[in-house]
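Chemist: From first to last, the protein sequence lines are chains B and E.
The opening position of the first sequence corresponds to residue 1 in my numbering, with each subsequent residue numbered one higher.
The opening position of the second sequence corresponds to residue 1001 in my numbering, with each subsequent residue numbered one higher.
If you are wondering where the hints come from, they were derived from the structure by calculation, not from laboratory data.
We treat Cβ as the ideally placed atom computed from N, Cα and C, and that holds for glycine.
Don't take each hint at face value.
[As the list claims (entries may be wrong)] Simulated DEER-style distance windows between Cβ atoms:
(1) E/Gly1136 - B/Ala312: 44 to 50 Å
(2) B/Asn21 - E/Glu1198: 46 to 52 Å
(3) E/Gly1082 - B/Gly220: 43 to 49 Å
(4) B/Gly220 - E/Asn1088: 41 to 47 Å
(5) B/Lys136 - E/Glu1198: 56 to 62 Å
(6) B/Thr196 - E/Gly1082: 40 to 46 Å
[Stated by the list, open to error] Computed footprint of chain B on chain E, listed as stretches where at least three residues anywhere in the stretch have a Cβ under 8 Å from a Cβ of chain B:
(7) 1046–1057
(8) 1068–1082
(9) 1149–1155
(10) 1159–1171
(11) 1178–1186
Residue-level listing of the chains:
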Amino acid sequence: MRTIEERLRDAAAAQTADLTNETLRPLTLPNRSRLPRGGRGGRWAVPAFACVAVAAVVIVAVSLTQALRPAPAPPFTGAGGPPYFVAVDHDTGRAAVHDALTGKAIAAIGPTSRHYTAVAAARDRRTFFLATTTGKCAGQIYRLRLSADGSPTPETQVGGSLPMAADELATTPDGGRLALTSDTCNPNLLLVDTRTGTRKSFEAANLGNGPVTPSWSADGHTLVVVATNPDTGAGGGLADVLQVPASIADIGAHPILLQVSGDGTADYGVVAPDGRSVIVTVQGEKHGPDDAADYTLQRVPLTPSGRGSVIARMPYRGWEDLTADATGDHLLARVGENLVRVDNGKVRLLWKNTPWIDVAW
Amino acid sequence: MMIAAIGQNRARSEATSTRRRRLSRVKSKSEVRRLEASPGEPDAAEVTRLYQAHALELTRLALVMVGERQTAEDVVQEAFLGLYRRWNRLRDPAKALTYLRSSVLNGCRSVLRRRRFRRPPDLPSAAPSAESVVLGDEERRLVMGGLRRLPHRQREALVLRYVFDLSEREIAQVMQVSRGTVKSTTARGRAALGRLLEETGADE
């Protein structure tokens, strides 16, 4: 049985099959326009496109069938990964604790009046921070601790009212400092010291160009912001590396130490435990009549060239979130409508048709 | 230690790296070099280059939205004309593709709004044609028909997400909404399309 998206792709591909560069009307601009003459490809373009489309559909269908099938017996025991994750529902703004083996909800978090937008987890696997929105660019942060059985203790607010509704939230492993980023607020990066309440907001070069994902190094002194400009293709900026001194108040106006380039478009990433590389989901260049893209999980060194090595090729489309535990061996990611966990490079489906906008463990 | 090394590497020209980042989805190194050499100014050649690079994708987008090729090409031409006229006023020329996608969607919306009062020339008819008796054609006809019955936001989100493979973030920029809105709109559109296909007997 094909999914709605497969049927939609198939119908759209059929409807647009006759469109080629050669058959498009040239662009007519006023005055001194130079019109495109013809295009690439030849009489084999249509059959070639059709072959690629069929191959892509077959590959995607086979991949989805095989890769998204729930793991068979013997039962998966977690491979040493975190026992719980916290997920935020995009529709209701509610958050809940979930069992990391089954994906099932264990307990709801907070009062229904709160609208959560993002979540981050500390190294102890029991401390979580949740961002809420109270206005267009206004929000709050709550700290949550889980008991051994996953039940949440009452939340405590940290940092007071903040001038940002966070789209992404990251905590240092010890939970001492937070980084919040926003797709729509300016400045779009806010740092908060959870112990003193000190905070500092600023906007850095890459951050102005598009959405960003923050991630802290193990020692909590380096903040990496994966911030590819969505309009930039391969070879564009991949991440900014910022040095954060012991006191947030001492951060200079331009704390970026390094800007990392990369091959492809990476929206999400986490610093590897060694602090010298980031693990990112990279969308390769789009190709073929379907504009299909290859996704890979890459480890990119924090050097200017940033040429990454592929950890795994992702067999399906739409990698959205990527969050890691403190070891970096266990990742959670949203892939289309599904939540998957990646343990030491092995991908397992955890939940289908997720309503979640952010997850952390 | 790593940080110290990193600091030394900052000597790279910021202007060059910024310029590089701003070159939107260019296809080759030669294009990058050519564009780096020319400042962003109203330039027919630059708009024509963008047309050559993206017209097919954008026309496909418009065709899926409006269902008729002539109109789709008109919408795309108009979007490029708009870009050309506003080139000087673009805050960031690197975002031309995002601008064009938004512009094409707006153009399609206008076309569809006008169509409310008159039947479009080639929308699927109630009875399948002889050609579309073939099961696959009929299935596709129903899917596209169902898609066009969705609210425009849901239709756009579904097409950008599933047909054009844009990430939620890219869609959020094109549609100028939050990522959460993209996700919920996509989920609702998917469910609604599923229901419509069920109603029309096209459920697999």
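Chemist: If you check the beta carbons of B/Gly220 and E/Asn1088, does the distance land in 41 to 47 Å?
Modeler: 45 Å, holds
Chemist: I want to verify a distance hint. Is the separation of the beta carbons of E/Gly1136 and B/Ala312 within 44 to 50 Å?
Modeler: Taking Cβ atoms as reference, E/Gly1136 and B/Ala312 lie about 34 Å apart, which means the hint is violated.
Chemist: Go check the region 1149–1155 of chain E versus chain B for me, would you? Three or more residues, Cβ under 8 Å, otherwise it fails.
Modeler: It is violated: at least three residues are needed, and the region 1149–1155 of chain E offers just 0 whose Cβ sits closer than 8 Å to chain B.
Chemist: Mind checking, does the region 1159–1171 of chain E have 3 or more residues with a CB under 8 Å from chain B?
Modeler: Check passed, 10 qualifying residues.
Chemist: In terms of beta carbon proximity below 8 Å, does the region 1046–1057 of chain E have 3 or more residues touching chain B?
Modeler: It holds, with 7 qualifying residues against the three required.
Chemist: For the hint 40 to 46 Å, verify it against the beta carbon of B/Thr196 and that of E/Gly1082.
Modeler: 50 Å, violated
Chemist: Quick check on a hinted range of 43 to 49 Å for E/Gly1082 and B/Gly220, using CB atoms only.
Modeler: Given about 48 Å between the Cβ atoms, the range holds.
Chemist: 56 to 62 Å was suggested as the range; check whether the CB atoms of B/Lys136 and E/Glu1198 agree with it.
Modeler: Because 38 Å falls outside the window, the suggested range is violated.
Chemist: Do the beta carbons of B/Asn21 and E/Glu1198 sit within 46 to 52 Å of each other?
Modeler: 38 Å, violated
Chemist: According to a criterion of three or more residues whose C-beta lies within less than 8 Å of a C-beta of chain B, is the region 1178–1186 of chain E covered?
Modeler: holds (count 5)
Chemist: Apply the coverage criterion to the region 1068–1082 of chain E and chain B: a residue qualifies when its Cβ sits closer than 8 Å to a Cβ of the chain, and three qualifying residues are needed.
Modeler: With 5 residues in contact (Cβ-Cβ under 8 Å with chain B), the coverage given for the region 1068–1082 of chain E holds.
Checked against the numbered hints above, the structure violates hints 1, 2, 5, 6, 9; every other hint is satisfied.
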